[in-house]
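Sequence order for the protein chains is A and B.
Counting with my numbering, you get residues 1 to 433 for the letters of the first sequence.
Counting with my numbering, you get residues 1 to 433 for the letters of the second sequence.
These are computed hints drawn from the structure, not numbers from a lab.
It is possible that some hints are incorrect.
Which copy is meant is left open, because identical chains are indistinguishable; a pair holds if it fits in one copy or across any two.
[Unchecked claim] List time: in silico DSS-like cross-link candidates among lysine-lysine, alpha-carbon distance up to 25 angstroms:
1) K371 - K293
2) K371 - K266
3) K91 - K157
4) K293 - K360
5) K98 - K293
6) K91 - K266
7) K157 - K199
8) K371 - K20
9) K231 - K199
10) K20 - K98
11) K360 - K419
2 protein chains.
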Amino acid sequence: MPERILLQADYILTWDGELKLITQGEIVIEDSLITYLGSRQERPAENFGRVLKIRDSLVIPGFVNTHTHAAMALFRGYADDLSLQEWLQDKIWPAEAKLSSEDIYWGTLLAIAEMLKGGTTCFADMYFHMDEVARACLESGIRASLAQGLIGTDKIKGELGLRQSRSLVQNWHNEGEGRITVMLGPHAPYTCPPDYLYKVGELAGDLRVPIHIHLAETRREVEESRREHGKTPVELIAEVGLLEHDLLAAHCVHLAEADLGLLAAKNVAVAHNPGSNLKLGSGVAPVTELLQKGALVSLGTDGAASNNNLDLLEEMRLAALLQKGLREDPAAIPAETAFKMATVNGARALFLPAETGQLKVGAKADLAVLKIDKPHLSPPHSFLAHLVYSAAAADVYLVMVDGRVLMENGHLLTLDEEKILFEAPPRAQRLTE
Amino acid sequence: MPERILLQADYILTWDGELKLITQGEIVIEDSLITYLGSRQERPAENFGRVLKIRDSLVIPGFVNTHTHAAMALFRGYADDLSLQEWLQDKIWPAEAKLSSEDIYWGTLLAIAEMLKGGTTCFADMYFHMDEVARACLESGIRASLAQGLIGTDKIKGELGLRQSRSLVQNWHNEGEGRITVMLGPHAPYTCPPDYLYKVGELAGDLRVPIHIHLAETRREVEESRREHGKTPVELIAEVGLLEHDLLAAHCVHLAEADLGLLAAKNVAVAHNPGSNLKLGSGVAPVTELLQKGALVSLGTDGAASNNNLDLLEEMRLAALLQKGLREDPAAIPAETAFKMATVNGARALFLPAETGQLKVGAKADLAVLKIDKPHLSPPHSFLAHLVYSAAAADVYLVMVDGRVLMENGHLLTLDEEKILFEAPPRAQRLTE
Numbered sequence: 001m002p003e004r005i006l007l008q009a010d011y012i013l014t015w016d017g018e019l020k021l022i023t024q025g026e027i028v029i030e031d032s033l034i035t036y037l038g039s040r041q042e043r044p045a046e047n048f049g050r051v052l053k054i055r056d057s058l059v060i061p062g063f064v065n066t067h068t069h070a071a072m073a074l075f076r077g078y079a080d081d082l083s084l085q086e087w088l089q090d091k092i093w094p095a096e097a098k099l100s101s102e103d104i105y106w107g108t109l110l111a112i113a114e115m116l117k118g119g120t121t122c123f124a125d126m127y128f129h130m131d132e133v134a135r136a137c138l139e140s141g142i143r144a145s146l147a148q149g150l151i152g153t154d155k156i157k158g159e160l161g162l163r164q165s166r167s168l169v170q171n172w173h174n175e176g177e178g179r180i181t182v183m184l185g186p187h188a189p190y191t192c193p194p195d196y197l198y199k200v201g202e203l204a205g206d207l208r209v210p211i212h213i214h215l216a217e218t219r220r221e222v223e224e225s226r227r228e229h230g231k232t233p234v235e236l237i238a239e240v241g242l243l244e245h246d247l248l249a250a251h252c253v254h255l256a257e258a259d260l261g262l263l264a265a266k267n268v269a270v271a272h273n274p275g276s277n278l279k280l281g282s283g284v285a286p287v288t289e290l291l292q293k294g295a296l297v298s299l300g301t302d303g304a305a306s307n308n309n310l311d312l313l314e315e316m317r318l319a320a321l322l323q324k325g326l327r328e329d330p331a332a333i334p335a336e337t338a339f340k341m342a343t344v345n346g347a348r349a350l351f352l353p354a355e356t357g358q359l360k361v362g363a364k365a366d367l368a369v370l371k372i373d374k375p376h377l378s379p380p381h382s383f384l385a386h387l388v389y390s391a392a393a394a395d396v397y398l399v400m401v402d403g404r405v406l407m408e409n410g411h412l413l414t415l416d417e418e419k420i421l422f423e424a425p426p427r428a429q430r431l432t433e
Numbered sequence: 001m002p003e004r005i006l007l008q009a010d011y012i013l014t015w016d017g018e019l020k021l022i023t024q025g026e027i028v029i030e031d032s033l034i035t036y037l038g039s040r041q042e043r044p045a046e047n048f049g050r051v052l053k054i055r056d057s058l059v060i061p062g063f064v065n066t067h068t069h070a071a072m073a074l075f076r077g078y079a080d081d082l083s084l085q086e087w088l089q090d091k092i093w094p095a096e097a098k099l100s101s102e103d104i105y106w107g108t109l110l111a112i113a114e115m116l117k118g119g120t121t122c123f124a125d126m127y128f129h130m131d132e133v134a135r136a137c138l139e140s141g142i143r144a145s146l147a148q149g150l151i152g153t154d155k156i157k158g159e160l161g162l163r164q165s166r167s168l169v170q171n172w173h174n175e176g177e178g179r180i181t182v183m184l185g186p187h188a189p190y191t192c193p194p195d196y197l198y199k200v201g202e203l204a205g206d207l208r209v210p211i212h213i214h215l216a217e218t219r220r221e222v223e224e225s226r227r228e229h230g231k232t233p234v235e236l237i238a239e240v241g242l243l244e245h246d247l248l249a250a251h252c253v254h255l256a257e258a259d260l261g262l263l264a265a266k267n268v269a270v271a272h273n274p275g276s277n278l279k280l281g282s283g284v285a286p287v288t289e290l291l292q293k294g295a296l297v298s299l300g301t302d303g304a305a306s307n308n309n310l311d312l313l314e315e316m317r318l319a320a321l322l323q324k325g326l327r328e329d330p331a332a333i334p335a336e337t338a339f340k341m342a343t344v345n346g347a348r349a350l351f352l353p354a355e356t357g358q359l360k361v362g363a364k365a366d367l368a369v370l371k372i373d374k375p376h377l378s379p380p381h382s383f384l385a386h387l388v389y390s391a392a393a394a395d396v397y398l399v400m401v402d403g404r405v406l407m408e409n410g411h412l413l414t415l416d417e418e419k420i421l422f423e424a425p426p427r428a429q430r431l432t433e
């Protein structure tokens, strides 16, 4: 049971309708919620189960990673600098075919360990053996939105996937005091025919859960969609009704002008994955245009086989830098926008309650504390700028999810990091032999 | 006096004509040089001043940052998300006008502290009050190539700069047992008229030192050069003879086809600054084309006012990812190429002895040791891939320059980090008030 916690810090940075920076402030956490946030008050220490007075500290909302395949951490560094075709067909798919449910469990734990240490408090996963992923999430205490990846090209496997997804929702949706939620995960328009996508939409409506899909990731995907269906991938999934549901669309790199308008008008949540899109040679998503149209843009790492880390700070920085550099406009994606993409937009993209992803009274206490007594974070001109343009995952000193401290001073409190680092390598080697 | 050191590590990664990965190896360092590198031998511990047996470790050559303005660390986070014009004219230049020599000293120490902690063992600086920069380098023990920034538009200041540069060479070139070298630093073709650049070239020949210049950084610079001189910046400096000297050219973002050939044919060393070029909205240098022509491409951070950190790992990753993403070719700039850019190419770009930037017998012992017992560096499929695509500055555990340990387990051994973090902020505030 989470205890009553008082957290005092030098700086508290959040976005709550506008950017807020509180100096010498404090946060009171009761059960899973923030019940006070502001300047310091007279508060007897005995009223708290824990008092965390952290010197030289900056508190921010925890990062939300809105698109990954956690267990692919087992394939980190296994296949790099290859064409997408070789990467998938010769390397990733054969290795994935050998994955056991125990592999998925340990791979997911490896990913969660990394994410927690870097300040990520919530992630959206799409993979398989999702019961094992849920088990790993539950044990770690992290918040997660889980989707079984569905492939619709094989009729029998497609139907099985839908049944498994239904079970996943029944068994896991809102488990772990609500930390675990479930989505349906049709892999992509090019692996799920229109009639199958229509069924997925029906099931999502029936179960009242959102949908998580890969969309318009590569130029080739769009060209093939136009050739086969006479439509872009966005138009195709619009036609089968998916945009009428709560929809999280990962990548969205290659969009036509009409696609941009559709995604914005239908409140589709975009998971922008700048690192993976660069590394696989997919390109750069038109984030500025999406934001100009009013679309919701969040950030994802994708799996560690194509990133190769799960570091939201890196994605946040990359998202801002890419738009500035490629548009030759240093004012594109200012620091505040990048910060929102990594936090509050992420929570919205996972269809979590409105106040999640922010630090405010009534919000879930999902937060990260960074230590700022470091050369690369000095002098203190702007901690927002330092966070977006200079900070690193290793600056994260403490992480709290749902009011519970999961990492402190580099140590994971709910996971056995040594055991994870012992279990992962032999599994990774067996899978890639 | 550096002592005789034995360093044992799990992995030693270097490039020495080809990529080398030694497992369970060791390095012997005597005075400033590597005298053995290979598998472990019977060696009595009493033969060594220090025995460093570092578990879960990866040794690499130290990173070489070939373009920065170290003391601008004082302006980190002061001016972001602004057009280049506003950034320079309204923010940076007025703040720089207030810089005292003591500010430069402390700002440089702040930068060196950050660089050492992130595995950088050598950097090329262009700024002013360079005696103070040299003093900071000497105290820290880092290797550096220093250039006074020269502006030729004002005749009197231009002449003064040349005289100061001559003094800098006389006073500091090859000081600190050779760790400090000096270049001439004509700021850029647009701030140094052709006749002045010609004089700089003459002086460089006279003093036998290389030249460090900003070149073709922005689209506007190239357009103005064409309008005023009928030539690209590269053609312009070629005409005044600068390409006949040892030349380090920073940025090289906007290059014509003929420029690419010229830079390669004349063995110009390019300092690619991907982070700064993106952040200031300058664009992305044609690195793949430069490499295809046979040009030498190294990596720089530029100053922390436009980066905003001095992290060569970040630049290395960005250099690789950008070429892959923008060319839609995941095989562009493979990990080995990126690694070379950050190490051996950097040493060559600073015209250091041929073996510098590599780990080999006879080379200067400039190296970094990373701890690899971390989730984001597991499983051990490829430590080259982990280094380029996943590692972080904070993974650096030990740094040695010229055979001397300057940082160990996060602690700087030659610098007083606490004092630097105490001195820098009030100076930064005064400068930006």
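Hint-by-hint comparison with the structure:
no. : hint        : result
1   : K371 - K293 : neither (37 angstroms within a copy, 45 angstroms between copies)
2   : K371 - K266 : neither (40 angstroms within a copy, 47 angstroms between copies)
3   : K91 - K157  : within (22 angstroms within a copy, 61 angstroms between copies)
4   : K293 - K360 : neither (28 angstroms within a copy, 56 angstroms between copies)
5   : K98 - K293  : neither (43 angstroms within a copy, 43 angstroms between copies)
6   : K91 - K266  : neither (37 angstroms within a copy, 42 angstroms between copies)
7   : K157 - K199 : within (14 angstroms within a copy, 75 angstroms between copies)
8   : K371 - K20  : within (19 angstroms within a copy, 37 angstroms between copies)
9   : K231 - K199 : within (20 angstroms within a copy, 63 angstroms between copies)
10  : K20 - K98   : neither (48 angstroms within a copy, 31 angstroms between copies)
11  : K360 - K419 : neither (36 angstroms within a copy, 36 angstroms between copies)
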